[in-house]
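**Student:** This is what each chain is made of:
Number of protein chains: 2
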Amino acid sequence: MLPDKFRSEAEFVRWLRKQVPGKVSGLRLGIGDDAAVVDVGPQRGVVLKSDMCIENVHFNRRLHPPSSVGHRSLARPLSDLAAMGAVPRFALVSLALSKRTPPGWVKEFYAGLLALAMKFGVTLVGGDVAMMRAPIVIDVIVTGEVALDAELRRSGAKPGDSIFVSGELGLAALGLRLLRLQGHVSTRHRRRSERSDPSWVTAVQAQLYPEPRCKLGRLLSVGNVASATIDLSDGLSTDLRHLCEASGVGARVSEELLPLPPRLEYPRRTRLALALHGGEDYQLLFTVPRGKEIPTSLGNVPLHRIGTIHKSKEILLVANDGRRSALAPAGYDHFRHLT
Amino acid sequence: MLPDKFRSEAEFVRWLRKQVPGKVSGLRLGIGDDAAVVDVGPQRGVVLKSDMCIENVHFNRRLHPPSSVGHRSLARPLSDLAAMGAVPRFALVSLALSKRTPPGWVKEFYAGLLALAMKFGVTLVGGDVAMMRAPIVIDVIVTGEVALDAELRRSGAKPGDSIFVSGELGLAALGLRLLRLQGHVSTRHRRRSERSDPSWVTAVQAQLYPEPRCKLGRLLSVGNVASATIDLSDGLSTDLRHLCEASGVGARVSEELLPLPPRLEYPRRTRLALALHGGEDYQLLFTVPRGKEIPTSLGNVPLHRIGTIHKSKEILLVANDGRRSALAPAGYDHFRHLT
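Quick note, the sequences are listed as chains A and B, same order. If you read the first sequence in this note's numbering, its first letter stands for residue 103, the second for the next number, and so on. If you read the second sequence in this note's numbering, its first letter stands for residue 103, the second for the next number, and so on.
Treat the hints with caution; some may be incorrect.
A pair holds if it fits inside one copy or across any two, identical chains being indistinguishable in the list.
Straight-line distance between alpha carbons at most 20 angstroms, and here's what the computed SDA-like set of lysine to any residue pairs gives [stated by the list, open to error]:
(1) Lys260 to Lys415
(2) Lys201 to Ser110
(3) Lys125 to Leu250
(4) Lys120 to Phe437
(5) Lys415 to Arg116
(6) Lys260 to Pro144
(7) Lys201 to Arg235
(8) Lys107 to Lys201
(9) Lys415 to Glu113
(10) Lys107 to Val231
(11) Lys201 to Glu157
(12) Lys201 to Asn158
(13) Lys125 to Ser257
(14) Lys120 to Ser257
(15) Lys415 to Ala348
(16) Lys413 to Val355
(17) Lys120 to Gly132
(18) Lys415 to Gly134
(19) Lys201 to Val159
(20) Lys260 to Gly134
(21) Lys120 to Glu347
(22) Lys120 to Ala348
(23) Lys394 to Pro261
(24) Lys125 to Ala348
(25) Lys107 to Phe437
(26) Lys201 to Tyr434
(27) Lys201 to Asn162
Since the hints were made in silico from the structure, they are not lab data.
Chain A on its own, in the form it takes in the complex (with noise of 0.2 angstroms):
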């Protein structure tokens, strides 16, 4: 049971450890300690990356309950190693709350967070819990294996290459859309009429619960099938951008092959432009050497074909009739954003 209010760290973290499985292969030292201390298998790299949610800016307490900002904060580390191909094996989570913060939020956060974390096998191992006057920051770091020189790098695709995505794109900032349509804080209060629409469902699922593509990422990796891999956190057209810029190539992207989100009432412009800009897909950018053939599916999730690298270092979109024009990066970029 979670105490109404914490009345010191000590018995936040005491709290905390209950939450988490003891025993866990590769475990030697989990919370409660200076530092954790984990194993790592033979012949392996470390994974490391933090990511950053932060109140307002990555996500809205008027939107997205207090188990989808957890869940969230744990995903968008959780993609970046799916692009690596690395399995994911612990975590530390680095709390920075508002006095205001409810404990009860706190505790559906690590509900939402320790969910994801069951279902792909990583264990809570540490972190740091600080209360400021200001939003709710939260810093999650994923640690994952991988077979040494079998990472997926975002810097080898070359010319000729066919490009593509898993899944569908723009569904997540779609599923934002909706949300702020309703104003509703949870799911579960939204109207009948809305819960009979799969696409509805669909949308705000990608936004408030999205699935990083680990499964994938480890498939490309082992099946030596992907030269360049980056994953979708700001939107395709930033992400190609960087995955172009680290190979030194561009890319030619056909108007036509883009998986679109759900019409719903969209005009299709609308749509074109979530699935171009929309940002937190967390699916996997990827590039494919000419001649290696790709099944329409890999780890339960569909892929699509979306374009081609070429060795000249634009970026172009090719609509429906033919014309070319600047894919420019429109994707969620913080220097720009907030200056």
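Given the coordinates of chain A, work out where chain B should sit on it, guided by the hints.
**Tutor:** For chain B alone, kept in the frame of chain A given last:
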């Protein structure tokens, strides 16, 4: 050179990569991909710790110059690794900046952090950056290595063990008091008369640029000297309680044995309170089995025996006249202080 303003995350990442050495033993993939990949030595455990530094909680921009904030942000988790006896290796930095943070502040912050990193053989391999409308929040994650089963835990103290601290107690808290009296942004601007007082300089230095006791921790681990270890980040009264609770024991601390901070103009009572409850010293507190010989200094840090572990779970302060009183934890506790 730092641009006048970072125009995008990509520009920030390019700048940051240039600040960090690229070729480092054990580093397979550093800043710039979805995640970092590092190696671990055979038969070594990976030690993991994250620690936050929050503006107006852990630091104050009127008192701490940006290089001090960078130094302290890394010193905090390094101190935890010292308390595990681990050799620090890699760091991630998650940085939530206010949109008003000037680029010059960011540059000096990293200069301070990377100077300490270089001194301790730590390589920055990644992290995250975001902008928000709030105080600056920094989360630094450090990974280290320790020989399997050689880590120093909080939980091994036994009745009869001697309690030791390294260095002086309350020095950083005294330094903070002196800085507040001055209200200076930078130590460079302090008055001439004080520059000549070595105690002033020592205390202010301990506050602005504390030195984590990694070498001492390693020697305690390798020499199998300490039965339990914790770092002094929250203050002796709080951290000794953590160690005793983890070990299931109590303690008696002798007032006359405490290495008090320098006199300056303060009465003994104030200096005693700083030594007992002042945080941020980042010294080590450890216990040593009865009969084991301890040198007066180790790794260039003086060691002071301050008391004894007892079976009874009370934690007592024994005054110079022999009177005993309960040593209540009065160090910083986030759940007590902001609620």
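**Student:** Please write out, lowest number first, the hints stated earlier that are contradicted by the structure.
**Tutor:** 6
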